[in-house]
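So you can see what is in the structure, the chains are spelled out below.
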Amino acid sequence: MSPALVIILVGSCVGASCALVGSFLVLRKMSLLGDAISHAVLPGIVIAFLVTGSRASVPMLLGAGSLGLLTVLLVELFNRSRRLREDASIGVVFPALFSIGVILISRYASQVDLDLDCVLFGEIAYAPLDTLTLAGRAIGPKALWVNGSILVAVLLFVLLLYKELKISTFDAGLAATLGFSPVVLHYLLMSAVSLTVVGAFESVGAILVVAMLVVPPAAAYLLTERLGPMLALAAALGVASAAGGYGLARWWDCSIAGAMALAAGILFLAAFLFSPTHGLLARLLIHHRLGGRLAGELLLLHLRKGGEGLPVTVLERRFGWEPRRLQRVLSKLLREGWVERAGEGLRLTASGSQVLEDSGRMELAHQL
Amino acid sequence: MELSFTARNVLMGATMLGALGGMLGSFALLRRQSLLGDALAHAALPGVCIGYLITGSKTPLPLFLGALAAGLLGSLLILGVVRWSRIKEDSAIGIILSVFFGAGIVLLTYIQKLPDGNQSGLDKYLFGQAATLVEEDLKVMAVLGGIVLTALLLFYKELKLLSFDRAFGASLGLPMRRLEVLLTLLLVVVVVVGLQTVGVVLIVAALITPAAAARQWTDRLGSMILLAAGIGALAGVAGSLASALVPRLPTGPVIVVVSSGVLIVSLLFAPRRGLLWALLRERQVADRIRRENLLKDVWLLGERQGDWEGFLSWPLLMGVRGQTARELSKSARPLAAASLVERSGDALRLTATGRREAESVVRKHRLWEVYLTRRLELASDHVHRDAEAMEHALTEDAVLRLEEMLGHPEVDPHGRPIPRRPAAPAKPERSVAA
Chain A
1 MSPALVIILV GSCVGASCAL VGSFLVLRKM SLLGDAISHA VLPGIVIAFL
51 VTGSRASVPM LLGAGSLGLL TVLLVELFNR SRRLREDASI GVVFPALFSI
101 GVILISRYAS QVDLDLDCVL FGEIAYAPLD TLTLAGRAIG PKALWVNGSI
151 LVAVLLFVLL LYKELKISTF DAGLAATLGF SPVVLHYLLM SAVSLTVVGA
201 FESVGAILVV AMLVVPPAAA YLLTERLGPM LALAAALGVA SAAGGYGLAR
251 WWDCSIAGAM ALAAGILFLA AFLFSPTHGL LARLLIHHRL GGRLAGELLL
301 LHLRKGGEGL PVTVLERRFG WEPRRLQRVL SKLLREGWVE RAGEGLRLTA
351 SGSQVLEDSG RMELAHQL
Chain B
1 MELSFTARNV LMGATMLGAL GGMLGSFALL RRQSLLGDAL AHAALPGVCI
51 GYLITGSKTP LPLFLGALAA GLLGSLLILG VVRWSRIKED SAIGIILSVF
101 FGAGIVLLTY IQKLPDGNQS GLDKYLFGQA ATLVEEDLKV MAVLGGIVLT
151 ALLLFYKELK LLSFDRAFGA SLGLPMRRLE VLLTLLLVVV VVVGLQTVGV
201 VLIVAALITP AAAARQWTDR LGSMILLAAG IGALAGVAGS LASALVPRLP
251 TGPVIVVVSS GVLIVSLLFA PRRGLLWALL RERQVADRIR RENLLKDVWL
301 LGERQGDWEG FLSWPLLMGV RGQTARELSK SARPLAAASL VERSGDALRL
351 TATGRREAES VVRKHRLWEV YLTRRLELAS DHVHRDAEAM EHALTEDAVL
401 RLEEMLGHPE VDPHGRPIPR RPAAPAKPER SVAA
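Chain order of the listed sequences is A and B. FYI, the numbering for the first sequence is 1 to 368, going by the numbering used here. FYI, the numbering for the second sequence is 1 to 434, going by the numbering used here.
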């Protein structure tokens with residue numbers, strides 16, 4: 001396998017599994033808990049290194065996974081005590097845990113062979129070099145095996161618990177009455193997040209995990225109304241961010257992980273601007289169209305009430321619109337044949353009357 | 001103790017940052033924007049890089065300005081994404097934070113590949129390397145800190161209003177939107193000041209942790225700000241001293257660990273809000289309820305037998321609530337000490353004062369049952385549970401009024417007599433709390 005392919009595949013596994021669990025975080029308004037977990041797993045990883053003296057994957061997953069859960073527990077403990085609000089609880093817990101991790105690394109750096117840079121950037125560029133051997137035979141890059149297994153686990157988790165996750169995400173009360181505990185699901189989801197984060201941590205680093213957890217799901221959230229398609233879209237966008245990011249990194253000769261986050265950001269920007277339903281442009285367009293239609297209907301109503309030959313100057317005075325806007329609305333009405341010129345003024349045509357009847361704004365006429 | 005020149009720089013920088021962070025963090029905490037600081041810190045990174053790329057120098061000022069601009073842009077974009085799409089604030093923060101940071105890392109690696117880019121020393125902004133603080137950095141910090149402090153003093157009243165009652169402030173005609181921008185601007189300044197000392201990840205702790213700790217000790221904004229500044233400065237001093245004295249101990253993380261320690265102590269021990277005191281209060285109430293229940297149980301058994309003089313055996317009392325012998329003697333001991341009950345081997349009976357106390361509890365219980373059936377028209381078989389709780393909560397004063405309102409009833413809804421108020425109450429209220 002070529003190194004480029006390995007990197008893209010590892011990135012895609014990370015992107016897809018992060019996007020799948022991240023979708024639930026975004027929908028549950030818990031994106032920043034993902035941020036917190038992604039930082040707080042650091043001491044777990046370091047402790048696993050210190051205890052086992054190796055970079056073996058299983059102890060690392062266990063160490064980081066338990067720290068992830070500890071983070072969730074601590075944040076909830078602070079919340080429950082009602083001495084701190086949720087944002088503050090998150091804001092105090094993860095830096096404390098992260099600090100402990102950094103101190104451990106600095107004190108025992110020579111033993112753990114883990115340097116601070118890779119904590120932030122990850123080291124996906126080295127993914128092809130570290131191969132896994134099984135019974136003396138190289139069976140491929142370790143990162144690919146680890147993240148591939150995590151992706152499979154996350155897929156199984158989402159598929160098996162799809163209904164439960166869906167209901168507890170959108171209606172926790174209903175979930176409770178149907179008999180599956182939202183609390184248990186919450187912790188299951190958080191375990192899945194921790195697991196995903198650990199895999200991603202090594203390849204893209206602490207902060208860019210957040211990019212994969214939050215950005216593709218947020219973009220997908222702007223593109224669809226349904227959970228199933230949102231999950232699929234988010235995963236696809238995660239893969240696209242990984243592949244596109246690798247392309248950018250090759251082009252600019254820069255950090256692969258950073259470029260992947262940037263690529264995710266570009267995809268989000270595209271969704272933010274151009275989504276057919278929730279994009280900024282679509283919203284502006286709808287806004288504009290509705291505004292134009294309403295203005296036209298108001299003019300038609302006035303003409304109907306004003307009788308024959310209402311002069312433009314009167315309309316100008318009554319509406320107080322800019323002359324250019326009035327002209328624009330009027331010329332559309334004339335073009336459609338809903339209004340015709342009558343001497344100095346304007347007159348409603350029969351088809352204009354019909355349009356007015358159909359618009360359902362006749363009740364306005366009584367108020368005018 | 002002699003500190004090296006570098007260590008003195010670190011000490012001054014960390015202390016300044018701690019104090020400033022604590023002050024601004026207090027506002028962020030109260031406005032529920034704890035994580036905005038986190039986002040701003042990450043968003044500042046590409047600004048630092050662009051500042052370097054434009055000027056080609058690593059003097060502090062252009063880097064500060066770049067970070068300032070990028071931080072502000074980031075905060076505006078968060079607002080924009082929330083306003084112009086259906087993305088919620090938490091996701092918007094996550095998006096801006098990670099994408100800006102990704103862009104920053106892209107620029108950073110690009111710069112490192114430039115000729116002489118390796119010496120740029122920009123990566124100290126990631127984790128913060130307080131040891132690299134030079135005098136010029138300190139000067140910039142001091143000037144920026146002075147500006148922040150002046151702004152806080154000048155607009156203190158307005159910012160206070162913004163944090164507690166924005167709508168009221170707006171109704172007074174104050175430009176709340178502009179004050180919000182000002183506060184964000186100040187926050188960005190402090191974040192940028194902190195980048196070099198504690199680094200991107202830990203800035204949020206420099207802001208929030210001292211403020212969260214200070215919040216536990218006071219309900220007043222002024223004292224909270226001062227206290228937060230003090231805790232921040234203390235953590236700064238402790239962190240920089242520790243890292244100067246112990247080899248391979250990074251300043252930023254130690255600062256965070258120290259202030260987190262102060263937070264934990266505050267959460268547990270602060271007067272009034274401290275969790276330990278709350279726990280103690282809860283236990284005291286539980287103990288009182290157990291004692292009152294035992295008195296009542298003994299009295300009710302006496303009522304059933306028509307005689308309060310005889311001793312009641314331990315097994316009989318244990319049967320009432322299914323208690324163990326240990327639980328029972330735990331409640332009985334303080335009662336005996338207060339001479340409310342009299343013990344004789346494995347049996348006990350009420351003393352005269354004990355009987356009065358027990359009657360007061362039963363009175364509350366039965367009067368409440370009358371109230372529930374007569375006034376709230378509940379069925380008489382539905383009122384016992386509620387009365388079980390209220391008998392421990394009603395004050396003597398409330399009972400008197402209740403009795404008056406109900407027209408001094410003689411019997412409860414089940415037909416049992418309501419004990420009369422003792423002619424001369426031993427102590428007016430909660431005297432069982434022995």
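FYI, nobody ran anything at the bench for these hints, they're computed from the structure. Hints may be right or wrong, so weigh each one.
Cut-off 25 Å, straight-line C-alpha distance, at most; resulting in silico cross-link-like pairs (DSS-like, lysine-lysine) [stated by the list, open to error]:
1) B/88 to A/29
2) B/160 to B/139
3) B/124 to A/163
4) B/58 to B/124
Here are the computed distance ranges between Cβ atoms for each label pair [said to hold, decoys possible]:
5) A/159 to B/167: 40 to 50 Å
6) A/247 to B/115: 49 to 59 Å
7) A/159 to B/82: 25 to 35 Å
8) A/73 to B/416: 47 to 57 Å
9) B/386 to A/171: 17 to 27 Å
10) A/181 to B/324: 23 to 33 Å
11) A/54 to B/167: 32 to 42 Å
12) A/140 to B/178: 54 to 64 Å
13) B/167 to A/287: 19 to 29 Å
14) A/287 to B/6: 24 to 34 Å
15) B/166 to A/226: 32 to 42 Å
16) B/80 to A/277: 12 to 22 Å
For glycine and all other residues, C-beta sits at the position ideal for the given N, C-alpha and C.
Verification of the supplied hints:
no., hint, result
1, B/88 to A/29, "holds, 7 Å"
2, B/160 to B/139, "violated, 29 Å"
3, B/124 to A/163, "violated, 47 Å"
4, B/58 to B/124, "holds, 12 Å"
5, A/159 to B/167: 40 to 50 Å, "holds, 47 Å"
6, A/247 to B/115: 49 to 59 Å, "violated, 26 Å"
7, A/159 to B/82: 25 to 35 Å, "holds, 32 Å"
8, A/73 to B/416: 47 to 57 Å, "holds, 49 Å"
9, B/386 to A/171: 17 to 27 Å, "violated, 32 Å"
10, A/181 to B/324: 23 to 33 Å, "holds, 32 Å"
11, A/54 to B/167: 32 to 42 Å, "violated, 59 Å"
12, A/140 to B/178: 54 to 64 Å, "holds, 59 Å"
13, B/167 to A/287: 19 to 29 Å, "holds, 27 Å"
14, A/287 to B/6: 24 to 34 Å, "violated, 58 Å"
15, B/166 to A/226: 32 to 42 Å, "holds, 37 Å"
16, B/80 to A/277: 12 to 22 Å, "holds, 19 Å"
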